[in-house]
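Undergrad: One-letter residues, chain by chain:
Protein chains: 2
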Amino acid sequence: MIEMNVNVRSIEPYKLVSQDIWRGKQNIIKADWNEEFFRNKKVEKVIINFVKKGLYSYYPDVEAKELRETLSEFHSIPINNISVFNGSDEALDVICRTFLNQGDKVVIRNPEYTNFYVFVQSMGAVLLKHFQKNPFVLSKNDFLEYLEREKPKMVYLSNPNNPTGILYPKEFLKSLIENFKSTLFVIDEAYVHFAYEKIEDMDFFLKLSINTSNLIVVRTFSKLFSLAGLRIGYIVSNEDIIKALNLIKKPKNVTMVSQIAAREAIRHWDFYNDKKIEILKAKNYFCNKAAALYFVKRVYNSNSNFVCVEVKEEIDIHKTIEFLKKEGVYVRDRSYIPQLDRIFRVTITGFEQVEQILNKFYKLENRVLNK
Amino acid sequence: MIEMNVNVRSIEPYKLVSQDIWRGKQNIIKADWNEEFFRNKKVEKVIINFVKKGLYSYYPDVEAKELRETLSEFHSIPINNISVFNGSDEALDVICRTFLNQGDKVVIRNPEYTNFYVFVQSMGAVLLKHFQKNPFVLSKNDFLEYLEREKPKMVYLSNPNNPTGILYPKEFLKSLIENFKSTLFVIDEAYVHFAYEKIEDMDFFLKLSINTSNLIVVRTFSKLFSLAGLRIGYIVSNEDIIKALNLIKKPKNVTMVSQIAAREAIRHWDFYNDKKIEILKAKNYFCNKAAALYFVKRVYNSNSNFVCVEVKEEIDIHKTIEFLKKEGVYVRDRSYIPQLDRIFRVTITGFEQVEQILNKFYKLENRVLNK
Chain F
10 MIEMNVNVRS
20 IEPYKLVSQD
30 IWRGKQNIIK
40 ADWNEEFFRN
50 KKVEKVIINF
60 VKKGLYSYYP
70 DVEAKELRET
80 LSEFHSIPIN
90 NISVFNGSDE
100 ALDVICRTFL
110 NQGDKVVIRN
120 PEYTNFYVFV
130 QSMGAVLLKH
140 FQKNPFVLSK
150 NDFLEYLERE
160 KPKMVYLSNP
170 NNPTGILYPK
180 EFLKSLIENF
190 KSTLFVIDEA
200 YVHFAYEKIE
210 DMDFFLKLSI
220 NTSNLIVVRT
230 FSKLFSLAGL
240 RIGYIVSNED
250 IIKALNLIKK
260 PKNVTMVSQI
270 AAREAIRHWD
280 FYNDKKIEIL
290 KAKNYFCNKA
300 AALYFVKRVY
310 NSNSNFVCVE
320 VKEEIDIHKT
330 IEFLKKEGVY
340 VRDRSYIPQL
350 DRIFRVTITG
360 FEQVEQILNK
370 FYKLENRVLN
380 K
Chain D
10 MIEMNVNVRS
20 IEPYKLVSQD
30 IWRGKQNIIK
40 ADWNEEFFRN
50 KKVEKVIINF
60 VKKGLYSYYP
70 DVEAKELRET
80 LSEFHSIPIN
90 NISVFNGSDE
100 ALDVICRTFL
110 NQGDKVVIRN
120 PEYTNFYVFV
130 QSMGAVLLKH
140 FQKNPFVLSK
150 NDFLEYLERE
160 KPKMVYLSNP
170 NNPTGILYPK
180 EFLKSLIENF
190 KSTLFVIDEA
200 YVHFAYEKIE
210 DMDFFLKLSI
220 NTSNLIVVRT
230 FSKLFSLAGL
240 RIGYIVSNED
250 IIKALNLIKK
260 PKNVTMVSQI
270 AAREAIRHWD
280 FYNDKKIEIL
290 KAKNYFCNKA
300 AALYFVKRVY
310 NSNSNFVCVE
320 VKEEIDIHKT
330 IEFLKKEGVY
340 VRDRSYIPQL
350 DRIFRVTITG
360 FEQVEQILNK
370 FYKLENRVLN
380 K
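As given, the protein sequences belong to chains F and D, one line each in that order.
If you're matching positions, the first sequence starts at 10 in the working numbering and goes up one per residue.
If you're matching positions, the second sequence starts at 10 in the working numbering and goes up one per residue.
Don't read these hints as lab results, they were simulated from the structure.
Fair warning: this is a prediction, and the values are worked out from it, not measured in the lab.
Among the clues, some could well be false.
The list treats identical chains as interchangeable, and a pair is accepted whether it falls inside one copy or across any two copies.
[Stated by the list, open to error] Derived lysine to any residue pairs resembling SDA-like cross-links, with alpha carbons at most 20 Å apart:
hint	residue 1	residue 2
1	Lys162	Asn16
2	Lys61	Trp31
3	Lys298	Ser148
4	Lys328	Lys380
Construct the entire structure; sequences and hints are all you get.
TA: Have a look at this one:
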């Protein structure tokens with residue numbers, strides 16, 4: 010075969026979840042990819058109207074002007090600090106391509122969103138995984154010392170973290186950004202809506218990024234906004250960084266259906282905020298119930314829309330996940346990630362879903378106890 | 010600012026067309042980006058049904074299985090030789106990232122689809138523009154000698170060529186692919202449906218690519234299939250190349266709305282084929298009428314859905330394009346491309362559109378003659 014790019018040929022592909030939902034199994038409980046499923050009829054209506062006008066034949070708005078205007082208004086930030094992408098994955102990829110050179114150091118604190126690793130590897134940059142004693146408890150000093158030692162070109166962190174659900178304290182993170190001016194901090198806030206009550210708190214780093222030279226905030230419509238199938242993410246940063254990213258970003262990247270759907274969604278923040286409150290209640294309920302089970306060693310409640318469930322030493326994690334899958338409950342195996350040996354992740358989408366999952370947990374519990 | 014990637018920082022951005030269509034001007038005649046505008050009610054229906062089921066909340070099918078199955082059937086090729094992308098632009102980008110290293114030579118014959126240049130530059134590869142005496146007439150020997158001299162890593166060619174509309178003869182191109190085994194040939198067939206009557210002819214290189222080590226064929230749903238706003242492209246090649254591209258390709262790249270729309274479109278080939286015949290007739294009519302005008306030096310009929318119009322030496326090309334724009338006819342300025350000094354490109358979408366454009370041409374003609 011034709012010789013490949015030296016960096017790409019050694020990439021380890023990102024592990025994907027089951028595609029059964031698209032293989033005729035639309036009754037499964039999909040708790041494996043952290044999607045939410047709130048149907049907003051107003052969003053559906055704008056898509057249908059758009060299609061009925063036949064406007065899908067035109068290339069999409071390459072500036073995503075109306076979507077960016079709506080986001081600008083929603084966040085009270087200038088439009089020129091916003092750039093829209095085909096999902097936050099594309100945003101992360103474009104960030105890596107724009108700022109990484111061969112051999113550059115990129116720090117993540119283990120565990121992290123593993124899809125990001127592919128983008129780092131494709132640039133020939135060096136991914137440094139920083140391991141701490143307990144992945145579910147941030148050791149600030151340890152992290153600070155690691156950064157001081159490595160002086161990386163980039164730090165990537167999902168905040169709240171996926172999959173642990175922990176939140177980096179604001180002031181600590183802010184001080185890192187201020188103290189490591191040559192390090193680009195990429196904060197992936199896919200789950201930030203679940204972490205705070207007030208928009209001011211959610212938007213803390215987003216606002217900070219406008220006048221900070223080394224900070225990019227990444228957002229997505231795939232989680233709370235329930236539009237994963239339409240692929241829309243966006244980033245907020247200072248204008249110079251936005252301009253730099255636009256050099257390599259493909260201008261026709263986001264479909265017009267996605268642009269108008271996202272714009273309509275953001276206009277109905279209250280709808281999603283109400284749904285969020287419901288999810289958080291359901292999540293707490295789930296944590297309490299699941300923690301009481303024999304086969305469960307520990308449930309890690311989170312600042313997000315998912316929780317990590319750790320099974321007891323004597324329990325086979327793979328068989329557990331397989332059992333749940335056969336029962337129609339799809340959870341995410343995290344056990345191959347270092348430090349998460351006996352852990353699977355469960356997406357929470359509401360009380361009804363939680364009851365259905367718990368029922369299967371009880372069934373599993375009976376099997377374990379009767380063995 | 011944070012130091013940029015050494016290749017990306019010197020990229021010259023691709024020149025975009027006017028976005029007036031998304032700025033409230035939906036009555037303009039959009040003849041600038043080679044889109045077609047055939048509304049297929051069946052395509053619209055599947056999108057609307059999909060939206061009404063709320064399935065947009067799930068991440069898209071990362072294997073695009075049903076779309077690839079339909080394409081496999083349509084082309085009579087195995088499914089494993091097909092990969093689907095967020096528009097053919099993403100396909101071209103992923104090809105460059107997978108196979109180009111710093112300093113690799115990439116040959117194009119001037120003029121070419123300029124957006125491709127960005128992808129080459131981002132990899133630090135060297136774009137070699139091969140100029141021939143007449144861009145509208147292929148000199149085979151000249152091209153062959155150039156390839157022999159440069160021995161490039163990659164040759165990119167749109168076939169039919171955009172913007173000249175010329176077609177590379179099958180046997181000539183096939184012999185190049187056979188004789189330059191270390192060169193990857195990327196044939197962009199965005200406009201191939203307009204070039205041939207029979208599917209066998211359209212699919213000649215596509216079929217050849219299955220068992221050829223150095224050939225990738227790129228297709229799109231943005232032209233004849235009238236789905237530019239939904240961003241769907243695909244490539245066909247041998248299995249090893251498909252696997253290599255999948256390493257860096259983002260699995261969630263194509264929205265689910267786009268996947269189901271494209272699948273439905275391809276099922277109605279006869280509908281689009283009929284439309285194509287209409288376009289070609291309208292194009293010939295346009296060429297005859299336009300060529301008779303005083304301000305026009307020459308009209309270059311094409312193997313595609315567009316034509317190049319060359320204005321006389323005494324005519325100001327920029328004022329001409331500006332005049333047409335003010336009259337609501339948006340054409341594509343190609344005059345900044347070497348060898349195309351006084352040329353603009355016009356997309357043909359049907360008889361009605363051609364009549365509207367000609368009316369504005371006549372208006373311009375009167376102005377020129379009365380000056």
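Undergrad: Going through the earlier hints one by one, which of them does the structure break, listed in rising order?
TA: When the structure is compared with the hints, only number 3 turns out to be violated.
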